[in-house]
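Peer 1: If you want the building blocks of each chain, they are given just below.
Protein chains: 2
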Amino acid sequence: MGVVLEDLQDTIRNKEFLKKVVPVEEAVTWIQDGMVLGVSGFALFGEPKFFLQKLAERGKQENFKVDLYTGASMGPSADGAMVESDLIGFRLPYQANPILRKQINKGKVTYIDQHLSQTSESLRQDIIGPIDYAVIEATAITEDGLLIPSGSIGNSPIFIEQAKNIIIEVNLNLPKEYEGIHDIYIPELQGERNPIPMKHPSDRFGEKGIRIDLDKVRGIIISNENDSPSPLFEPNEITQEIANNLLSFLDEEIELGRLTEELAPIQSGVGSVANAVLSGMKHSRFKNIVIASEVIQDGVFDLIEAGVVKFAYATAFSLSEKRVASLKSDLAKHQDKIMLRPQEISNHPEVIRRLGIISFNTAIEIDIYGNVNSTHINGTHIMNGIGGSGDFARNAKISIFVTPSTAKDGKISTIVPFVSHIDHTNHDVDIIVTEYGYVDMRGLAPREIAEQLIENCMHPIYREQARRYFEEAKQVSGGNTPHILHKAHAWHLHFQKHGTMLLDE
Amino acid sequence: MGVVLEDLQDTIRNKEFLKKVVPVEEAVTWIQDGMVLGVSGFALFGEPKFFLQKLAERGKQENFKVDLYTGASMGPSADGAMVESDLIGFRLPYQANPILRKQINKGKVTYIDQHLSQTSESLRQDIIGPIDYAVIEATAITEDGLLIPSGSIGNSPIFIEQAKNIIIEVNLNLPKEYEGIHDIYIPELQGERNPIPMKHPSDRFGEKGIRIDLDKVRGIIISNENDSPSPLFEPNEITQEIANNLLSFLDEEIELGRLTEELAPIQSGVGSVANAVLSGMKHSRFKNIVIASEVIQDGVFDLIEAGVVKFAYATAFSLSEKRVASLKSDLAKHQDKIMLRPQEISNHPEVIRRLGIISFNTAIEIDIYGNVNSTHINGTHIMNGIGGSGDFARNAKISIFVTPSTAKDGKISTIVPFVSHIDHTNHDVDIIVTEYGYVDMRGLAPREIAEQLIENCMHPIYREQARRYFEEAKQVSGGNTPHILHKAHAWHLHFQKHGTMLLDE
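These protein sequences, in sequence, are chains A and B. FYI, in numbering that gives the first Met the number 0 the residues of the first sequence are 0 to 504. FYI, in numbering that gives the first Met the number 0 the residues of the second sequence are 0 to 504.
The hints are simulated quantities; they were obtained by calculation from the structure and are not laboratory data. Every residue gets a Cβ at the ideal spot worked out from N, C-alpha and C, and that includes glycine. Some hints could be false.
Said to hold, decoys possible - As a list, the in silico DSS-like pairs of lysine-lysine whose alpha-carbon atoms are at most 27 angstroms apart:
| hint | chain 1 | residue 1 | chain 2 | residue 2 |
| --- | --- | --- | --- | --- |
| 1 | B | K207 | A | K486 |
| 2 | B | K107 | A | K473 |
| 3 | A | K198 | B | K207 |
| 4 | A | K198 | B | K198 |
| 5 | B | K198 | A | K107 |
| 6 | A | K486 | B | K473 |
| 7 | B | K486 | A | K105 |
| 8 | A | K486 | B | K486 |
Said to hold, decoys possible - Chain B is faced by these chain A residues, among others (derived, beta-carbon under 8 angstroms):
| hint | residue |
| --- | --- |
| 9 | K107 |
| 10 | Y110 |
| 11 | Q124 |
| 12 | D125 |
| 13 | I126 |
| 14 | I237 |
| 15 | L354 |
| 16 | I385 |
| 17 | R393 |
| 18 | P481 |
Build out the structure end to end from the sequences listed, making use of the hints.
Peer 2: Laid out in structure tokens, this is it:
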């Protein structure tokens, strides 16, 4: 590496920690078959890249597997190199990797798909773990031994608290300006737990870094890796239309006096619709917006610079190449407007409910009564996982789900009589938006929801067959949510057999 | 009534309120067709019995309907007399009345089945309402104008806060000892909301009654009604076995060091299993138990008297005839051990998560991957509603669902390949208990859950056909949750056609 200890003193500012520096080649040998690793990282930011790559290299030579606990999906080292080396036998709480997904769907990797706020509780309750090694990327170690995380916090605080051993990857190549944007608060054990002392999103109630028990630090390795950029999610015509409809809904809420132009704290997923929504806010009447989300993406920085967003917190950055390049100066400029928190806090039911967050998330399919599938294809094959969508949808002031009305060039209707899998029941869904419009389900009974979803959100080519199903179900079965069980999945089955959900084709 | 104002001074202790007393016959005429009523009551306790009966009598003569908002299901006046007079056009957030259920399932009554913690938020957000009249039963009005509720609090505080007009039914026949057991706390609007200041279940942080805006009080009526007792739910052999299995699970958790003999605050539903569990606790190693639930039933008083329960709070009583008869002296004896709170607090995600509650609720059916249906028969006909089960299951430290393994003399297996309706996804279910055993789903992947549910919880006569489905699904479809969509509801369809889910009969 060519790094000598003297060079590190500005970054590892505590002498006792400095003594712990070891070569990465040594540290990776500590990992044994069957061990549980709690690894920093949430989406693409914050994984201990160098360590995981070296571990993956070792995995190509040796036959061993580990249980991998993370914040969410990971960058190219965990959800790339490690997967390719077939190192993962057990994974939680979320993943988004095509190879790993295949292994999970074959039943070869045990995968626990969890609400992202709950992994920390499972660890405290000894349901999962114990963690043999926490492996955590750091920007710096302070004089008094606080670990300054990098571009995500995720589950790092609880991994560090619960792990038997800690390996710190100090990355010399990260913006030093990460220091100061973190707010680390760890709830006490249930039974002796205090209220989370957040009243307003910008309240700072934690520490600037993660407190570390020096005795548990087995080694510190030094790296020089870059943050991993995310792809650009440019809107297309359909996602732009969805975003427009969503913005119209928010506008309508202002007209009705139920929201002000400051809206309420916004949680948004990542992707083309989310970007189009954020982009649309730039030229809207909305002002002094607060973001209280899982990730801070490009659009949030754009809105801060446009003076539309006044404050944003999340548990991780998710930035394109352009914003990764400017991150150092962006952080310097906006340090008082940006904060990262543990995912246990960003996704905590207590916080989401108290703040009254407006959340929007993406659905894979939705049934005519407003139940949402956000994870499984055909009821069997998992895509990613429920992630934080349940934490937010259940507790949000307004829970919005977006989806294009069709998939596979119109061969699949995303609105179906009966979803093949449910992640969010209609109790937790307020607004559904497609490119055709939106339905405000609040205060509607299931039959009213069905009528409106069919007429306002469904693609027109599917409406007639949906009306037929709904009418027949009312006639034949009746009930609060009329269904004809033997036809409930007929659209899915027709697609499996004929390549389209259009029943007449 | 034969009551003169002088007699009332001990009960209505504020002179300004005393001036508002009117005959019930006058008050019921204020209710117009299409009005929204927010009525006190949760389960059988606390409804304004006299007013509702008189309103129902008027409803027999006149043709009008109202929107009825309540705490949960109601006693014989609302969910009896009013239903029989066909007075209800719209109902939320929960009901359990056979006639009303029929009207809902015919699509004749609009019914919004809500998480019980969320009605208050919907009102604050102007999604439902506005409430024309809050009609609230009271034990007393204090000198400084606090309304002392009776045997439930439910949604009364938010109804009173949000209503345009208030009618108070002062019931002279209730135990005066109700006064002092209530703790009324109303969260602020989202955005300016403080943490709910409860750290321990017995913390008192509210007022002893509900603050009333005198100007909104249109009238006070005087009644002399009795509290309504609930049926006795005696355990049978099967529910006793379920309770034993549940108690074994708790015992095992103590052995594993994950719980102490004080367990964690307990939420339990009502019914035969719940009573058997409470009864079983009397002779267990458990001690210093805290109840933090929706309802306080007979068994809780028994456990207080046995020295096993040290404190209990809920939003309502649900008591048999025997305990209704002794309530006056029970309250006097145990006033420091019993507390009623608004349902927004008892069911609040913030509180449930912070305290780390152990919840147990009843399922109608459960699929092999642990998804729970607790509301709909055959996917179409609603029984009661989700009630508070979602508030507790999502946020509990340990979320337990109980069900006998079969229904209808074995013709229905309550564990099926694919539930016909989902209220609780397997993310929110930890333990499933039947009379055959329990499965601890925590840390298990879906396929592992299926194997264990089939072998440990399912009735033996259904196991072979379940194994066949599961094996075929793994072979033919694969995936994280293997299913064969065209056979997913075959058991339900077989029952519809042949009167049994046993496929070979």
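Peer 1: Now tell me, hint by hint, if it's right for this structure.
Peer 2: Each hint, compared with the structure:
With a CA separation close to 55 angstroms, the supplied pair K207/B and K486/A exceeds the 27 angstroms bound. With a C-alpha separation of about 12 angstroms, the suggested pairing of K107/B with K473/A holds against the 27 angstroms cut-off. Among the hinted pairs, K198/A with K207/B is consistent with the structure: their alpha-carbon atoms are about 26 angstroms apart, no more than 27 angstroms. A distance of roughly 17 angstroms separates the Cα atoms of K198/A and K198/B; the hinted pair therefore holds under the 27 angstroms criterion.
A distance of roughly 43 angstroms separates the Cα atoms of K198/B and K107/A; the hinted pair therefore is violated under the 27 angstroms criterion. At most 27 angstroms may separate the alpha-carbon atoms for a hinted pair to count; K486/A and K473/B meet this at roughly 23 angstroms. Straight-line distance between C-alpha atoms of K486/B and K105/A comes to about 21 angstroms, which keeps the hinted pair within the 27 angstroms bound. Restraint check: the Cα-Cα separation between K486/A and K486/B comes to about 11 angstroms, which is no more than 27 angstroms; the hinted pair holds.
Evaluation of the K107/A hint against chain B yields a violated restraint, the C-beta minimum of about 11 angstroms exceeding 8 angstroms. A distance limit of 8 angstroms between C-beta atoms decides the matter here; for Y110/A the minimum to chain B is near 6 angstroms, and the interface restraint holds. A distance limit of 8 angstroms between C-beta atoms decides the matter here; for Q124/A the minimum to chain B is near 6 angstroms, and the interface restraint holds. Proximity of D125/A to chain B holds as hinted, the smallest CB-CB distance being about 5 angstroms (cut-off 8 angstroms).
Interface hint at I126/A: satisfied, since its Cβ lies 4 angstroms from the closest Cβ of chain B, which is below the 8 angstroms cut-off. A hinted interface residue such as I237/A counts as satisfied when its beta carbon comes closer than 8 angstroms to some beta carbon of chain B; here the least separation is about 27 angstroms, so the hint is violated. With 8 angstroms as the threshold, the beta carbon of L354/A comes within range of chain B, its nearest partner Cβ sitting at about 6 angstroms, so the hint holds. Annotation: I385/A was flagged as interfacial toward chain B, and the flag holds, the nearest CB pair being 6 angstroms apart, inside 8 angstroms.
Against a cut-off of 8 angstroms between C-beta atoms, the interface hint on R393/A holds, since the closest Cβ of chain B lies about 6 angstroms away. About 6 angstroms separates the beta-carbon of P481/A from the nearest beta-carbon of chain B, less than 8 angstroms, and the hint is met.
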